[in-house]
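A.B. asks: For reference, the chains in residue letters:
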Amino acid sequence: MIRPRTFVFALLAGAFGLLAATMAVNFALDPQYVFGTPLARLDDNANYRYHRVRQYQAQRERVDGVLFASSRGRAFDADLVAQKIGATAVARFDVTAGMITDHLPALEYVLRDKAARREKVRTALLLIDIDTFGKLPATNVNIDSFLPPELSGEHPARFWWRYLTVFQFRMWRGIVAYRMRGGDRPATEPKSSRFDPSRLATARFGPPARSTPASGVVLASGDAPATGLLVTTRPNLAAHLGLVARFVALCRDNGIQLTVATTPMRADAASLHDPADLRNVVQRLSEIVPIWDFAAPLRLSADIAYWDDPSHFKPAVAAMMLERMFGPNAPRDFGIMRGATLRKSGE
Amino acid sequence: MLFNSSEFIFVFLPLAVLLHFALARWSVTAAVTATTLTSLLFYAWWSPPFVLLPILSIAANFLIAQAMRRGDDGTARRLLIIGIVANLAVLGWFKYGDFLLSIFEGRKPNTPEVPLALSFTTFVQIAFLADVWRRRDSVNFPTYAMFVAFFPHLIAGPIVRWDELGPQLRDRARYRPDWNNIALGLTIFCLGLAKKVLIADNLARHVGPVFEAAARGEALTAAAAWGAAYAYTVQLYFDFSGYSDMAIGLGLLFNLRLPINFAAPLRATSIIDFWRRWHITLSRFLRDFVYVPLGGTAGGRARRTANLFLTMVLGGLWHGANWTFVLWGAFHGVLLVINHAWRQWRGRRTPTQAGRFAGWAATFTAFVVGLVVFRAADLSAALTMFQAMAGFGGAPRAEAMNVAWDAWGMRVGLVSEDFVRTWLGANWSVVGTLWTAAALAIVLLVPDTMELTNYREGEPHSDWRRNAGALAWRRSPVWAVGLVVLFVAVYANLLQISEFLYYQF
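Residue numbers (this note's numbering), protein chains in the order written: chain A, 33 to 379; chain B, 5 to 509.
Chain A extracted, bound-state conformation (with noise of 0.2 Å):
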């Protein structure tokens, strides 16, 4: 038997010994660079809603344009967006698996400063998955996805705290052998700790389809996985066209020229869901506001020259997307405008 006093404080040392490591792990190695004090650098475990919107304010007085979209948005220039949609300088809120339930208060965020400064947002582009429409968010649930506190209106304090005291083991360790090789990328590229696959809204159970680009290749039926999931739940979906109306509300009474556009998907990962499903969004989407939709032709779709992965596409996309939407160059076969414009002309 061990004295009292000696056992409580035996784990007392223990639990505070673990909270002191984890945050100082976390302060040294900065999975997320929320502390600006990374030891090594890997984009895809940064927590881009909170840096978009760091980004924004180092150059608020020059924005007058907003992007919003996932992480296939960061296809797009910045530069070339602005060019096109007529902003002198463009905010990008192009944030990994961003949904609409990103994007609304990113939205609300830029139009309450922009108030304060007595400014205005003249012109905003929306990009919206059609895939993950109207599925559960991530928004808020991975530890790179957590919204700042500008955005989500909770204290900074806790902000921090979570940031600080998360225990993110993988991660760590990812960051560690990435160092450990000179710097090199590692092989898997070390996904958040807390990834819960009960959330997995596009869960594939086939080999992973290829990844590497090599121009000219096309995907043939083969490529698709073997076994695919046909995808249909979207438990969320009324609640997230409703964002949409008040997204669309909110730029109409401030006088922002919004453009809504859908992001095309490669042939194999549109494979996996219903074809009726996903027109079926479009078309709900279409009854709130005219949307471009880029169900991308199966020139465009199906070869892997124009993508980087089954999910992003290239920044040649993103300029044909541009292009169609706001130049006269663009193949007429890519994007079609859905919506009021459709119904009027009584397509």
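Keep in mind that the hints were calculated from the coordinates and are not lab data. Heads up, the beta-carbon is just placed ideally off N, CA and C, and yes, glycines get one too. Be aware that a few hints might be false.
[To be verified] Here are some chain A residues pointing at chain B (derived, C-beta under 7 Å):
1) 34
2) 36
3) 37
4) 39
5) 40
6) 42
7) 43
8) 46
9) 50
Assemble chain B onto chain A, guided by the hints.
C.D. replies: Just chain B, lined up with the frame of chain A:
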């Protein structure tokens, strides 16, 4: 603030305990006042404006108690009735107003926004008024305020009585740190935390998709419905008993012994035994403040049956303003009536080993079935679950999958994709089944926290206990290391913050 959050464990709790004992060296009243204020801060963390409600409620009940003490018997009795009605009126206004209105308007009730802890504090204060009425003891306001607001039991019980906590709060010897109690308290808190974070929260991820699918009216396989029902039963037990363990552990840090709330109820061999072991402090409240005033066992068998049934219906309704809870309470009322009739018929014969097993199986299964109604979003969702459990779910082979727990098993060939799609459907998994089986094995085979630590405060009887043997808690290096390792495992999962299930009641 949640017990299972790092800010509570590492900031709020240590500061609250240190402040309490530091001030107690100077003045017991100062310590009591400070702990009351930290408890109200704990409450206000959830919603600052709502903290006014417990403050006003504490003040009003104290004034009623003082008036009762000073008044004659008739006045005291009238004040007691006024106090009980006023407490129930506040609870009814927030919790049952829309529900009652929905009955008259013939619509589905909306989910009310009930102030946190209201159901529990209402019962605590009613029991207090009854105790003052019986004893006419003097009550000191700071002590009474701490009795109600004390944060370990404030939000979700145990439902404490003035006659068990009041004397402890008046005992000045308890305002010095007791390292034995702190060691035991930290142990019980850590075990409760592990129950919640490592077991209940993991089961919740498997339970949710099935019940949500039922709420959407989607077809379910029988295996999915039964699996989720069993999983929810074990989840609820680990969640709520884990919370109660934590509350007891926290009480011990302040040198206060709260009553036990769970006595390994899932090992009960009859439904009567079950209700003596599940949510013990609620059961005894319902017995003393509903069943007995209704007449209890007096007035013959028919009257007793009616009293018992009505008590359980009201107990069900206490959990929430929804017909599902009413039905759940009524179901248990019927089970208790049947069990009493069975006992009367059998007499005092000791059951055989096989009989005890049959009793356990029937009790456990009945509880599992009842909890389907308890967990379901509405009666229609419960019906969907029951249809599936009876084999009439009509679930086609799943084409869409909502959960991917078995993805790894399918990839490496441990389980066939066809089996999962056909038998488990879109929302249940082999992994969920294994988790449930493992958690159930812990429930049935591993001694409960109260058995491990031999904590016995407020237990109605002790014949449920098993000898913990070599596992029994002692202040040994092995236990110290084991608890630290357990805490590391808990801490690694702490970001997935989830509220306790009984916070909603």
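A.B. asks: All hints, please: hold or fail.
C.D. replies: Here's how the hints hold up against the structure:
| no. | hint | in the structure |
| --- | --- | --- |
| 1 | 34 | holds (5 Å) |
| 2 | 36 | holds (4 Å) |
| 3 | 37 | holds (5 Å) |
| 4 | 39 | holds (4 Å) |
| 5 | 40 | holds (5 Å) |
| 6 | 42 | holds (5 Å) |
| 7 | 43 | holds (5 Å) |
| 8 | 46 | holds (3 Å) |
| 9 | 50 | holds (6 Å) |
Of the numbered hints listed earlier, not one is contradicted by the structure.
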